[in-house]
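J.: Sequence:
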Amino acid sequence: MGYKEVYSAWQADPEGFWMDAAKGIDWVQSPSKAYFEQGPAGEWFADAMVNTCFNAVDRHVLAGRGDQIAIMHESPITHSTKGITYKELQARVSSLAGALRMRGVEKGDRVIIYMPMIPEALEAMLACARLGAIHSVVFGGFAAHELAVRIDDCTPKAIIAASCGLEPGRVVHYKPLLDAAIEQASHKPEFCVVFQREQEVAKLVEGRDFSWHGFQYGVKPAECVPVEGNHPAYILYTSGTTGAPKGVVRPTAGHLVALNWSMKAIYNIEAGDRFWAASDVGWVVGHSYICYAPLLAGATTVVFEGKPVGTPHPGVFWRIIQNHRIKSFFTAPTALRAIRREDPNGEYIKRYKLHEMQALFLAGERADPETVKWAQEHLGVPVIDHWWQTETGWAIAGNPLGIELLPVKVGSPTKPMPGYDVQVLDEGGHPVAPGTLGAIAIKLPLPPGTLPTLWNADDRFKKSYLSHFPGYYETGDAGYIDEDGYVYIMARTDDVINVAGHRLSTGAMEEVLASHKDVAECAVIGVADELKGQLPMGFLCLTKGCTRPHAEVIKECVRLVRDQIGPVAAFKLAVVVDRLPKTRSGKILRGTMAKIADGLEYKMPATIDDPAILDEISAALTAIGYPEKAA
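Just so we're aligned, residue 868 is where the sequence shown starts under the working numbering, counting upward by one.
Derived by calculation from the structure, the hints in this document are not laboratory data.
For glycine and all other residues, C-beta sits at the position ideal for the given N, C-alpha and C.
Be a bit skeptical, because a hint or two may be false.
[Said to hold, decoys possible] Computed cross-link-like contacts, DSS-like style, restricted to lysine-lysine with a CA-CA straight-line distance of at most 30 Å: (1) K1276 - K1174; (2) K1330 - K1240; (3) K890 - K949; (4) K1070 - K1174; (5) K1310 - K1276; (6) K1411 - K1462; (7) K900 - K890; (8) K1470 - K1055; (9) K1276 - K1411; (10) K1174 - K871; (11) K1217 - K949; (12) K1439 - K1384; (13) K1087 - K954; (14) K1310 - K1330.
[Stated by the list, open to error] Label-pair distances were calculated between CB atoms; the ranges are: (15) P1434 - A876: 46 to 52 Å; (16) A876 - G1074: 55 to 61 Å; (17) V1248 - P1434: 38 to 44 Å; (18) K1240 - G1139: 31 to 37 Å; (19) R1218 - Q1243: 14 to 20 Å.
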């Protein structure tokens, strides 16, 4: 069956479709049906009994593949490469789970994990899953205040941390941040487990802190604890518009079924294949496609501690893909843009043999056409953009390589995946004509694996996602669907700007700016204007080696937007900057930039990669008369 037949089969019989997909999971007690009309937005496989860790680890050992590599750790910072087999992973995870159980961690207890990109981070997640404990991974190195907020929200019994994280040229001290967070938090964990890295041995608090190895010494390994299908597997915090983090809940059974289905259908990965998602366990990509999905499929997953450039050069991704014979590779467009900026002619790509790589997958933010074209040209494999969110846990729209590779339309994440009835709505909640920009929403119910609610916040869940368009989940993204059913994500809803009554997509303008030969990366924001309400302003990062006068490049960019989008865009403001402010996952902080330009107060985003960039943005804006001009 091709994509059309598979999607139609889901439309015709959603219940049958997902019950069939559920056959890929080993159940302790099989579900009696797929969908349950209960909770704020429905639940999947709620009456089943199952264990995530058994499906990700033990079943592959029982199937005779214990000697296959489960996790490959690559750290260009420490110059180490290490493989862990499924059999070794089973022993390590059951030992850690046994030690946690001995200290009182049981099904339903919360455990915060605060670790860098090392295999032990995945082992901690799987150990929690083995016991039915609910983990909440907080990005390693997160500020103490932000960690304290999460401690108070999910009230963990324990925290598992590492002594430090490593960045190019520096050590990030985790333990002082952890100690400060516990001091600030009203809720106090009963104990902490600290993995001591050789780069820094942290001071342990007597009676509260245990070292990773000492904690597990002489402990009886734990067996897998079955949990109900609707039992939360984990809580993952995503930033809310109010500044208070939202705890996205991931239900166990739907998570297993959806991720297991996606590995073959979307990424064409099966048992024994090698898959790499270059992300971090602190993000949803790290949860879904570094830890759980590849292991559910019985594949080898790569844990990478490094950067796309500078560890040591912009060819590190291609070296790892060559050395580990990666079949499907997944990264964020921002990583690719960083590589392209350093290596515009793809010279580093030519150094490596990427024979086994079948496709490059992009997600995390909009994949601009210029970056996609660059990757297509230099890699010679399909470059597949796909669109999803922390809330959904897996792709809303994609190009299902394992079913049928659909024709690629650069700029589109292709078509909705089974389970997602994607529609574009106007402000009144009415579907709009093909090609018309609007709010993208998904008709309820959402498919398995998506969030059923927020942690201890049903009302906030309904208000944030379900109230604006009754009967729909509001994605917060704006875009359109073309005549062929291809989805286009143009901006977050709040990035659609209103210029003299015309609703314009900042993404469309960024697309045009990125096509300029000297522009490596860019962002467009809306700034306040007395006459037109808002005006677009462009921030341009130039390609390495560009020595032309900035004013010349800006003039050409203004003309490009005028030619390709039209005078209606009123695009005439642009500034050249060295870098753009981003979250650690690579999303550009457009909203914060707009507040700086408009002279408004802003809260330092918790997820910002480097706060110093905001000062650079402010200085660049001051140089062209902002925010005074806006005021």
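J.: All hints, please: hold or fail.
T.: Hint-by-hint comparison with the structure:
A C-alpha spacing of about 29 Å is found between K1276 and K1174, which places the hinted pair at or below 30 Å, so the restraint holds. Between K1330 and K1240, the direct Cα distance comes to roughly 39 Å. Violation of the 30 Å bound is thereby established for this hinted pair. Of the pairs offered as hints, the one joining K890 and K949 is violated, with about 33 Å between alpha carbons and a cut-off of 30 Å exceeded. Note on K1070 and K1174: the hinted pairing holds, with a Cα-Cα distance of about 28 Å set against a maximum of 30 Å.
With a C-alpha separation of about 24 Å, the suggested pairing of K1310 with K1276 holds against the 30 Å cut-off. Taking the CA atoms of K1411 and K1462, the gap is about 29 Å. The hint holds against a cut of 30 Å. Proposed proximity of K900 and K890 is supported: the alpha carbons are some 12 Å apart, at most 30 Å. Pair hint K1470 plus K1055 holds up; C-alpha atoms about 26 Å apart against a cutoff of 30 Å.
Under the criterion of a C-alpha separation no larger than 30 Å, the hint pairing K1276 with K1411 is consistent with the structure, at around 28 Å. Between K1174 and K871 the CA atoms are separated by roughly 38 Å; this puts the pair beyond 30 Å, and the hint is violated. Restraint check for K1217 and K949: the C-alpha separation of about 26 Å stays at or below 30 Å, so the hint holds. A hinted pair counts as satisfied when its Cα atoms are at most 30 Å apart, and K1439 with K1384 qualifies at roughly 19 Å.
Only pairs whose Cα atoms come within 30 Å are accepted, and K1087 paired with K954 is accepted, the gap being roughly 17 Å. Distance check on the hinted pair: K1310 and K1330 sit about 16 Å apart at the alpha-carbon level, within 30 Å; holds. Roughly 48 Å separates the CB atoms of P1434 and A876, a value that falls within the hinted 46 to 52 Å. A beta carbon spacing of about 58 Å between A876 and G1074 agrees with the range 55 to 61 Å that was offered as a hint.
Between V1248 and P1434 the beta carbons are some 40 Å apart, a value that agrees with the proposed interval 38 to 44 Å. Between K1240 and G1139, the C-beta spacing of about 33 Å keeps the proposed range 31 to 37 Å intact. Distance hint check for R1218 and Q1243: the Cβ-Cβ separation is about 19 Å, which falls inside the suggested range of 14 to 20 Å.
Violated hints, listed in ascending order, are 2, 3 and 10; each of the other numbered hints is respected by the structure.
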